[in-house]
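**Student:** Whenever a hint applies, use it, and build me the whole structure from the sequences.
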Amino acid sequence: MRIPLQLAVIFAICLAGEFLHRIVGVPLPGNIIGMVLLLILLCTKVIKPEQISGVSSFFLNHLALFFLPPSIAIMAVGDDVLSKWPLLLFLCIAFTLVAIAAGGRVTQFFIRRQEYRENLALRAERLSKRAERNGTIGGEK
Amino acid sequence: MNAIINSPLFGIFLTLIAFETGVFISKKFKYSFLNPLLIGNILIVGFLLITGVSLESYNVGGDYISVMLSPATVVLAVPLYRQIQKLQHFWKPILAGIFAGSITAMTCVIVAGKLLGLTKVLTLSLLPKSVTIPMGSVISSQIGGIPSVTIIAITVTGITGAVAAPAVCRFCHIKHKVAQGIAIGTASHALGTTRAMEMGEVQGAMSSLAIGIAGLFTAVVAPVLTALS
Numbered sequence: 001m002r003i004p005l006q007l008a009v010i011f012a013i014c015l016a017g018e019f020l021h022r023i024v025g026v027p028l029p030g031n032i033i034g035m036v037l038l039l040i041l042l043c044t045k046v047i048k049p050e051q052i053s054g055v056s057s058f059f060l061n062h063l064a065l066f067f068l069p070p071s072i073a074i075m076a077v078g079d080d081v082l083s084k085w086p087l088l089l090f091l092c093i094a095f096t097l098v099a100i101a102a103g104g105r106v107t108q109f110f111i112r113r114q115e116y117r118e119n120l121a122l123r124a125e126r127l128s129k130r131a132e133r134n135g136t137i138g139g140e141k
Numbered sequence: 142m143n144a145i146i147n148s149p150l151f152g153i154f155l156t157l158i159a160f161e162t163g164v165f166i167s168k169k170f171k172y173s174f175l176n177p178l179l180i181g182n183i184l185i186v187g188f189l190l191i192t193g194v195s196l197e198s199y200n201v202g203g204d205y206i207s208v209m210l211s212p213a214t215v216v217l218a219v220p221l222y223r224q225i226q227k228l229q230h231f232w233k234p235i236l237a238g239i240f241a242g243s244i245t246a247m248t249c250v251i252v253a254g255k256l257l258g259l260t261k262v263l264t265l266s267l268l269p270k271s272v273t274i275p276m277g278s279v280i281s282s283q284i285g286g287i288p289s290v291t292i293i294a295i296t297v298t299g300i301t302g303a304v305a306a307p308a309v310c311r312f313c314h315i316k317h318k319v320a321q322g323i324a325i326g327t328a329s330h331a332l333g334t335t336r337a338m339e340m341g342e343v344q345g346a347m348s349s350l351a352i353g354i355a356g357l358f359t360a361v362v363a364p365v366l367t368a369l370s
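Protein chains in written order, with the working numbering: chain A, 1 to 141; chain B, 142 to 370.
One or more of the hints may lead you astray.
[Said to hold, decoys possible] Taking lysine-lysine and the BS3-like style, the derived pairs with C-alpha atoms no more than 30 Å apart in a straight line are:
1) K84/A <-> K261/B
2) K45/A <-> K227/B
3) K261/B <-> K48/A
4) K227/B <-> K48/A
5) K171/B <-> K316/B
6) K233/B <-> K45/A
[What the hints assert, rightly or not] Some chain A residues well away from chain B (every beta-carbon gap over 12 Å; in silico):
7) I23
8) V81
9) A121
10) R123
11) R130
12) E132
13) G135
[To be verified] Sample of chain B residues facing chain A (criterion: CB under 8 Å; computed from the structure):
14) D204
15) P212
16) T214
17) V219
18) T245
19) C249
20) I251
21) V290
22) I292
23) G302
24) A306
25) C310
Quick caveat, the hints were computed from the structure, so don't treat them as lab data. All of these numbers come straight from a predicted model, not from anything done at the bench. For every residue, glycine included, the Cβ atom is placed at its ideal position computed from N, Cα and C.
**Tutor:** In structure tokens:
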């Protein structure tokens, strides 16, 4: 697809997301609904990733640029927020470390459990095969 | 002079130059905390404060770039789609881990807000801080926070993850590659993912997968927690 058409497709999905949020009343932000819509379109092969790669790689490669203007609104923030910045900085850093630890430990716990069960199933399968083989060998005797 | 300052091109130009300077500096010095977004923010805020150009004048052009946040979020579906096969085998542990990480991050904020007596607006602004910026800023404004505060909090969170993730994994004995990736992506979004990709291919893929799912979880759970708190 040519770049203008790719942009039109992506913008159409954005507008559909906004429509579902504002008019239909889906309680998720419009851009997130748009992301889910695009994911569905990709999974159902209506859109192939290559067809929108020009626009998608542009946005993904320069993602941070689009956050710069909204972040400037920090200037308009009241003094009550600005005066607390050392505390807020500390909280952000501390909670990030805690969240990494929690997410990682929980994921690892369930992965280990799943792997353990898979191993058990594998071993049981192997044992039953061996028993079968022994059985037939015993029968021949 | 006012005619020039109030032209949309002025704000767009300022943004592009500040951002590229930030990219240049962060590439040159290679410290994780020298993030292009953080440098660009300081440059623009500094410029506006020194010259006395108002935030409104800047936003005449800045808004053109902000509008592009929406398509930038939508195309996050592309990397998510590319990782979807990898999700299939470990989908239960992955979803459990992302949910645990997101809930932990949000609960910490709410508890700290209560204990330290932060204002409700401030607590709500920090609530979606582990989510990627296009989602976090929208979630923030939806639950009644200040998006610009959220964006700064998200940036700090991401930089923390990028700097400290390997140390946290070592300290907490998180050894499984999938678990490492999920933890980093859930807690510190795309910025942390840059570090996860350095740790390995599996970690990078899992981290980028976790960004989108953690965002969705937070978008659904944050309004509920807001109502409860």
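**Student:** None of the hints should be skipped; say for each whether it holds.
**Tutor:** Taking the hints in turn, this is what the structure says about them:
Among the hinted pairs, K84/A with K261/B is consistent with the structure: their alpha-carbon atoms are about 14 Å apart, no more than 30 Å. Taken as a hint, the K45/A and K227/B pair is honoured in the structure, with Cα atoms around 18 Å apart against an allowance of 30 Å. Between K261/B and K48/A the alpha-carbon distance is near 44 Å, which puts this suggested pair outside the 30 Å criterion. As the CA atoms of K227/B and K48/A are separated by approximately 19 Å, the hinted pair is consistent with the 30 Å bound.
Simply put, K171/B and K316/B have alpha-carbon atoms about 26 Å apart, close enough for the 30 Å limit, and the pair holds. Between the alpha carbons of K233/B and K45/A the distance comes to roughly 25 Å, so the proposed pair stays at or under 30 Å and holds. With a cut of 12 Å on Cβ distances, I23/A stays outside the contact zone with chain B, its closest approach being about 16 Å. Interface exclusion of V81/A from chain B breaks down, the closest Cβ pair being 6 Å apart, not more than 12 Å.
Non-interface call for A121/A relative to chain B: holds, since the shortest CB-CB distance, roughly 14 Å, exceeds 12 Å. With a least beta-carbon separation of about 19 Å from chain B, R123/A lies farther than 12 Å from that chain, consistent with its non-interface assignment. Once the 12 Å rule is applied to beta carbons, R130/A is consistent with being away from chain B; the minimum gap is 27 Å. With a cut of 12 Å on Cβ distances, E132/A stays outside the contact zone with chain B, its closest approach being about 28 Å.
No Cβ of chain B comes within 12 Å of the Cβ of G135/A; the nearest lies about 33 Å off, and the non-interface call holds. With a least beta-carbon distance of about 7 Å to chain A, the hint placing D204/B at the interface is held under the 8 Å criterion. Contact between P212/B and chain A, as hinted, is supported at the beta carbon level, the nearest pair being about 5 Å apart and thus within 8 Å. Below 8 Å, beta-carbon pairs count as interface contacts, and T214/B has one with chain A at about 4 Å; its hint therefore holds.
Given hint, V219/B at the interface with chain A, holds; its Cβ is 5 Å from that chain's nearest Cβ, closer than 8 Å. Interface restraint check: T245/B against chain A, minimum CB-CB distance 4 Å, threshold 8 Å, status holds. Interface restraint check for C249/B: the shortest CB-CB distance to chain A comes to about 4 Å, inside 8 Å, so the restraint holds. Proximity of I251/B to chain A is violated relative to the hint, the smallest CB-CB distance being about 11 Å (cut-off 8 Å).
The criterion of a C-beta within 8 Å of any C-beta in chain A is met by V290/B, whose closest approach is roughly 6 Å, and the hint holds. With 8 Å as the threshold, the beta carbon of I292/B comes within range of chain A, its nearest partner Cβ sitting at about 4 Å, so the hint holds. A distance limit of 8 Å between C-beta atoms decides the matter here; for G302/B the minimum to chain A is near 6 Å, and the interface restraint holds. Residue-level restraint check for A306/B holds (minimum Cβ-Cβ distance to chain A is 6 Å; threshold 8 Å).
Checking C310/B against chain A by beta carbon gives a least distance of about 6 Å; that is within 8 Å, so the hint holds.
The structure is inconsistent with the numbered hints 3, 8 and 20, although it conforms to all the rest.
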